[in-house]
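Asks: Let the hints inform the model, and build the full structure from the sequences given.
Chain order of the listed sequences is V and U.
Going by this note's numbering, the letters in the first sequence line up with residues 1 to 171, in that order.
Going by this note's numbering, the letters in the second sequence line up with residues 172 to 308, in that order.
A hint or two may mislead.
[Unchecked claim] Computed spacing ranges between beta-carbons, pair by pair: (1) T269/U x F87/V: 35 to 43 angstroms; (2) T128/V x P218/U: 36 to 44 angstroms; (3) Q138/V x P218/U: 17 to 25 angstroms; (4) P182/U x M141/V: 25 to 33 angstroms; (5) G15/V x E242/U: 46 to 54 angstroms; (6) G86/V x V176/U: 42 to 50 angstroms; (7) E242/U x G86/V: 37 to 45 angstroms.
Please keep in mind that the hints were generated in silico from the structure rather than gathered at the bench.
None of these values were measured; they are calculated from a predicted model.
We treat Cβ as the ideally placed atom computed from N, Cα and C, and that holds for glycine.
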Amino acid sequence: MTDVYITPEMRAVVGVPFRETVSYPVSASDIRRWAIAVYYPEVPPRLYWDEEYAAATSFGGIVAPEDFNPFAWAAAVPELRPREEGFDWDYTETSLGVKGPGLTTNLNAGSQTRYGPRIRPGDVIRSTSHVLSYTEKQGRMGTMLLTVIRSTWLNQNGEAVKENDQTSIRY
Amino acid sequence: MTFTVGDTFPPFTRDSGFAYWNRYAAVNDEFIPIHMEDDAGRSAGYPTAFGMGNLTWAYLHVALHRWFGEEARVAAAGVQFRSAVTRGKRVVISGQVTGVRPAPGDGACDEVDLALRAEDQDGTLLAPGTATVVVRR
Numbered sequence: 001m002t003d004v005y006i007t008p009e010m011r012a013v014v015g016v017p018f019r020e021t022v023s024y025p026v027s028a029s030d031i032r033r034w035a036i037a038v039y040y041p042e043v044p045p046r047l048y049w050d051e052e053y054a055a056a057t058s059f060g061g062i063v064a065p066e067d068f069n070p071f072a073w074a075a076a077v078p079e080l081r082p083r084e085e086g087f088d089w090d091y092t093e094t095s096l097g098v099k100g101p102g103l104t105t106n107l108n109a110g111s112q113t114r115y116g117p118r119i120r121p122g123d124v125i126r127s128t129s130h131v132l133s134y135t136e137k138q139g140r141m142g143t144m145l146l147t148v149i150r151s152t153w154l155n156q157n158g159e160a161v162k163e164n165d166q167t168s169i170r171y
Numbered sequence: 172m173t174f175t176v177g178d179t180f181p182p183f184t185r186d187s188g189f190a191y192w193n194r195y196a197a198v199n200d201e202f203i204p205i206h207m208e209d210d211a212g213r214s215a216g217y218p219t220a221f222g223m224g225n226l227t228w229a230y231l232h233v234a235l236h237r238w239f240g241e242e243a244r245v246a247a248a249g250v251q252f253r254s255a256v257t258r259g260k261r262v263v264i265s266g267q268v269t270g271v272r273p274a275p276g277d278g279a280c281d282e283v284d285l286a287l288r289a290e291d292q293d294g295t296l297l298a299p300g301t302a303t304v305v306v307r308r
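Replies: Now the structure itself:
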């Protein structure tokens, strides 16, 4: 079947690194707020907000939930910039210097993740990403573009805290 | 703790709606119209605004720690989002053990594989998933 959205230029950037991001040092407050949101309406486990309690666990201190995102809102690299209205769902292709398909809806289709050591207060996380694959399939909204992006997160000690293959659907 | 293939766990449940999604948007900076406005949800083909896949993903991890304890190590997890968590749905997460083996390099721990299933209150599949959790025997 002939591709509708995937161009030779897009195929050529599969595997090319893009979007290197470095977090600000993670704070205990970042972790606490994350846990409160995720556990709402329950009080989250003390492991995520009570330093004295967490110190007595096998972790020896507060750690973040595995799903914690240290890049939300702002990162040290790239630095904070003015926000534009709307969303550029061609962000991946734009970052790689090629033209994207210009689709208007972008959905999270799923993830496959491998975890290393837990993120802790004070950690600085560096993320690098590359496109693992582009595929197309037919759905109820017509032809859809599936993009898998692999992101690897390393902490300041070079330990891989997370490797995530995220699939998005654009249509 | 020891586990056997076929073991199941008490379902973990969460209601849904803007009170949940707005809190998550506030920490994940995920202020996307499909999660904030019913009109945007309808434009994307759904009856209402709908919750973030990342929040269902977070709930899978909450469920794992509910079942295995807060100090259990989640080594891997995966999910496929099949249906949207539209406003008013209840997310029900269940899990079943599909494999148990000694953890490599740690004689005191097992690796436990799980099949996960997030569905709504009517049994409609929202998101199947998998996980591997390292637990002390």
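Asks: Tell me, which hint numbers fail for this structure?
Replies: 5
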